[in-house]
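Engineer: Build out the structure end to end from the sequences listed, making use of the hints.
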Amino acid sequence: MVKHLSVHTRGQGLYEFTEAVTALVRETSVREGLCTVFIRHTSASLVIQENADPSARRDLDRWLNRLVPEGDALYTHITEGPDDMPAHVKAALTATSLSIPISDGQLTLGAWQGIYLWEHRRQGGAREVVVHVGS
Amino acid sequence: MVKHLSVHTRGQGLYEFTEAVTALVRETSVREGLCTVFIRHTSASLVIQENADPSARRDLDRWLNRLVPEGDALYTHITEGPDDMPAHVKAALTATSLSIPISDGQLTLGAWQGIYLWEHRRQGGAREVVVHVGS
Amino acid sequence: MVKHLSVHTRGQGLYEFTEAVTALVRETSVREGLCTVFIRHTSASLVIQENADPSARRDLDRWLNRLVPEGDALYTHITEGPDDMPAHVKAALTATSLSIPISDGQLTLGAWQGIYLWEHRRQGGAREVVVHVGS
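Chains as they are written, first to last, in our numbering: chain F, 16 to 150; chain E, 16 to 150; chain G, 16 to 150.
In short, the hints are calculated from the structure, not lab data. Watch out, some of these pointers could steer you wrong.
Because identical chains share one entry, a pair is satisfied inside a single copy or across any pair of copies.
[To be verified] For lysine to any residue, the following SDA-like pairs were computed, each having C-alpha atoms within a straight-line distance of at most 25 Å:
1) K18 to G139
2) K18 to G140
3) K18 to E47
4) K18 to Y30
5) K18 to A141
6) K18 to G129
7) K18 to S150
8) K18 to T123
9) K18 to V45
10) K18 to G120
11) K18 to E143
12) K18 to L122
Structural biologist: So, in C-alpha cells, the structure goes:
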C-alpha cells in the first residue's frame with residue numbers, strides 16, 4: 016500500500032505525525048512488515064525523536080540553525096531567499112526516508128519515539144509525505 | 016520476518032553487530048530481498064562504516080563529540096544529564112534506520128562495510144534493534 | 016528484484032543517477048511498491064537533492080568540505096590519504112541507503128528531487144550502488 020499524506024507546518028521546527036502513520040498501518044491489516052515514510056521535498060526532512068519533552072525538539076532545531084546559519088558568505092545559491100540554501104544543507108544532514116518494522120500489526124517504535132517532519136523554511140506550508148506499507 | 020536484537024554497549028562509540036544481522040538473514044532463506052535495521056532509541060543511532068581499521072571509528076566518534084559537545088549554553092533540555100541533549104543531536108545527524116539489499120542469500124555490503132550501533136550516552140546499556148527481512 | 020549499478024565519479028561532488036534508477040523500476044513492472052538504493056562504500060554516500068539549480072549542489076559540497084576539512088589535527092586514521100577520514104565523517108553524516116515508494120509504476124519523487132551519489136574522495140572512480148525493488 017502506498018498513501019500520500021499532507022503535513023502542515025507553520026515555520027521552522029519539528030511537527031509530529033506519528034498518529035497519521037499509525038492509522039495507515041492499521042488500515043492495511045499488515046501484521047508483520049515494513050513501513051517506509053518518504054518526504055517529497057529538499058528543504059524539509061524527517062526525523063525520529065523523543066516525543067516526551069518538547070524542549071529536546073526546540074534545542075534540536077536551534078542547534079541545527081546555529082550550525083547552518085542564514086547569510087553564510089559561502090552560499091552562491093541565494094535567489095530563493097536567505098533560508099533556502101540552509102534548508103537544503105539541513106535536509107542533506109537529516110533523513111529523506113525512514114523505515115520502521117511492523118510487528119503484531121504495530122510500528123515497532125520505541126516507547127519515547129515519535130515520527131516528525133522537520134521544516135527548514137521560515138514559512139511553512141503543506142508538505143507532502145508518501146507512506147509505503149509492505150510485508 | 017521481524018526479529019528483535021539486543022546490542023550491549025559500554026559507553027560512547029561504535030559497536031559492530033553485522034554478524035547478528037547476517038545470521039538472521041541466513042535463517043530466513045530469503046535469496047533476493049531487503050534487510051532493514053531499525054533502532055528503538057533517540058540517543059543512539061546506526062551507521063555503516065569501515066570495519067577494517069578501528070582508528071577510523073575512533074576518529075568518527077571523537078569528531079562527532081567535538082561537533083556536539085556537552086555543556087553547550089544553547090541547551091535547555093538538561094534534566095536527563097549533560098550527555099542527553101548532545102545524544103539527541105547526534106542521533107538526528109546520523110541514521111535511525113538502514114536498508115541493505117539481499118542478493119544470493121547474502122547482504123550486499125561492500126568488502127569493508129560493517130553495521131554499527133553508535134552509542135551516544137556516556138553510560139551504555141542494552142540497546143534494542145529491530146530487523147526486518149522481506150523479499 | 017536486485018540490480019547492481021555503477022556510478023562513475025571524477026572527484027568530489029554530487030552525481031545524479033535518477034535516470035538509471037527510474038529505468039530499473041520501469042523494467043520490473045511493479046505498479047505499487049518500494050525502491051531502495053544502497054551504496055557499497057564508506058567514503059561516498061547518497062542524497063536526494065534539488066535537480067534544478069546546480070549552484071545548490073555546489074554549495075552543499077563546499078559547505079560539507081568546510082565542516083569536515085582535511086588536515087584536522089583530530090584525525091589519527093591518516094594512512095589512506097588526507098581526504099580519507101573526512102570522507103568517512105561525511106558519509107556518516109549523510110545517507111548510505113534511501114527508500115522511495117513507487118506508485119502507478121513510478122518513483123514518487125517530488126518535482127525537483129533527484130537521486131545523487133555524493134563522492135567524498137578527491138579522486139573518484141567507479142562506485143557500486145545496489146537497487147532493490149519490491150512490492
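Engineer: How would you classify K18 and E143 at a CA-CA limit of 25 Å: within, between, both, or neither?
Structural biologist: Result: close within a single copy only, 10 Å intra versus 29 Å inter.
Engineer: If the cut is 25 Å between Cα atoms, do K18 and L122 qualify within a copy, between copies, both or neither?
Structural biologist: For K18 and L122, the Cα distance is within 25 Å both inside one copy (16 Å) and across copies (13 Å).
Engineer: Tell me, please, which holds for K18 and A141 at an alpha-carbon limit of 25 Å: within, between, both or neither?
Structural biologist: within (16 Å within a copy, 35 Å between copies)
Engineer: Indicate which option fits the pair K18, Y30 if close means a Cα-Cα distance not exceeding 25 Å: within, between, both or neither.
Structural biologist: within (19 Å within a copy, 30 Å between copies)
Engineer: Between copies, within a copy, both or neither: which fits K18 and S150 at Cα up to 25 Å?
Structural biologist: Cα proximity of K18 and S150: in one copy and across copies (15 Å, 14 Å).
Engineer: When no copy is specified for K18 and T123, does a C-alpha distance of 25 Å or less occur within a copy, between copies, both, or neither?
Structural biologist: For K18 and T123, the Cα distance is within 25 Å both inside one copy (20 Å) and across copies (10 Å).
Engineer: State whether the alpha carbon distance between K18 and V45 is at most 25 Å within one copy, between copies, both, or neither.
Structural biologist: both (15 Å within a copy, 16 Å between copies)
Engineer: Up to 25 Å between alpha-carbons, please classify K18 paired with E47: within, between, both or neither.
Structural biologist: both (18 Å within a copy, 10 Å between copies)
Engineer: If the cutoff is 25 Å on CA atoms, where do K18 and G139 land: within, between, both or neither? Let me know, please.
Structural biologist: Answer is within; shortest intra-copy Cα gap is 22 Å, inter-copy 38 Å.
Engineer: Is the C-alpha distance from K18 to G140 at most 25 Å within one copy, between copies, in both cases, or in neither?
Structural biologist: Close inside one copy (19 Å), not across copies (37 Å); limit 25 Å.
Engineer: If the cut is 25 Å between Cα atoms, do K18 and G129 qualify within a copy, between copies, both or neither?
Structural biologist: both (19 Å within a copy, 21 Å between copies)
Engineer: Between the shortest in-copy and the shortest cross-copy C-alpha distance, which are at most 25 Å for K18 and G120: within, between, both, or neither?
Structural biologist: both (17 Å within a copy, 14 Å between copies)
Violated hints: none; the structure is consistent with every hint.
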